[in-house]
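Chemist: Sequences and hints are given; from them, build the entire structure.
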Amino acid sequence: MRDDPTVVALVTRAAAGDQGAWDEIVDRYAPLVWSICTGFRMSNHDIEDVAQNVWLLLVGQLGTLREPAALPGWLATTTRRECLRVVTAARKSERLGTELDEAAQFVSDAVVDEEILAAERNAALRAAFADLPPRCQQLLSMLLSDPPRSYGTISATLDIPIGSIGPQRARCLERMRKSSALAGLVEVGVNFPGGDRSA
Amino acid sequence: MPNGWDDEQLLEALGEAIRARQAVPSWFVATGKNAYAWHNIDAELAQLTYDSQADTEELALVRSETASIRALTFTSAHLSLELEVGKDALFVQVMPPQAGILETHTKAGTTTSPGDESGYFAVQPIPDSQFRLRFHTTGGTDVVTGWITL
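These protein sequence lines are chains A and B, in that order.
Numbering (this note's numbering) for the first sequence: 928 to 1126.
Numbering (this note's numbering) for the second sequence: 612 to 761.
Calculated directly from the structure, the hints in this document are not laboratory data.
The beta carbon of each residue, even a glycine, is placed where N, CA and C say it ideally should be.
There's no promise every hint is true.
Covered stretches of chain A, going by a simulated chain B footprint (3 or more residues, C-beta under 8 Å) [as the list claims (entries may be wrong)]:
no., segment
1, 985-995
2, 1063-1076
3, 1098-1105
Modeler: Have a look at this one:
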């Protein structure tokens, strides 16, 4: 079993010199930084500039981050600011208008909050998935593959009877639901994407 | 909340989480992980305060051809680094002039450039990808620029 991958613990370990903890932070939040970058129309080169600056700023602040738990919010804000800086510089040098898309420039707090919550939810789900036994990971991956695999293919690949795919799926998901990685989400009240259908 | 999600909702959310991770290119993740090399390097950041190219682009409207040399200045609280891009070398003058060590950091690694007592250095060859310059002295001065692309 891995350590409980709470953000606070990861930041503390990374600040103390643990490259592994840093890598885990990056793995955990790279999708958040990436999705914000792709919201701005930037070249990969510019995206790399932004990423370098964002992570570099974080490295410099690891020891002084006042609330490590607020890291995703800090990352989202910093990434957006760096994107705006790069996009504005690019527009200026092309002598095009410096008007940015309103959508990119003015993002409501609600959108930012949803972005951060989604990143937390996704990170926790990936962590819970990583804690599952390999058989469960294989089965759920096949069920989630695009295009979807037929039960026949799944049965042949994993060498289990078609009739037990359904029950095994339920057991794996139940196991995931009880994972400590998901426990933190209960406290912050993260809801199902697209609205709370779980009430 | 995950405890309240039914199987379909949980599976759908997991699919979304996995796709979000798969959408991220590996170079992007590597960029983040490599940044840790700067951990515990307690250097002061020098910001770009002047770039001649920003000016020449404006002037290019009236002057069709310019043979000007690209010059950039990076400034920190204690000193500045004045860069001139030559034909086959990047020349760096530390202001105020002082002896020290100039390192060029690229993704491939770090090189040290020869310099004189007055803080004039030649970086050869000119880095062809992103790099940072770090200048430090035995007296404790330690300054690093942001990432530069020429």
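Chemist: Compare the structure with each hint and give your call.
Modeler: Comparing the hints with the structure gives:
{"no.": "1", "hint": "985-995", "result": "holds (count 4)"}
{"no.": "2", "hint": "1063-1076", "result": "holds (count 4)"}
{"no.": "3", "hint": "1098-1105", "result": "holds (count 3)"}
Taken one by one, the earlier hints all hold for this structure without exception.
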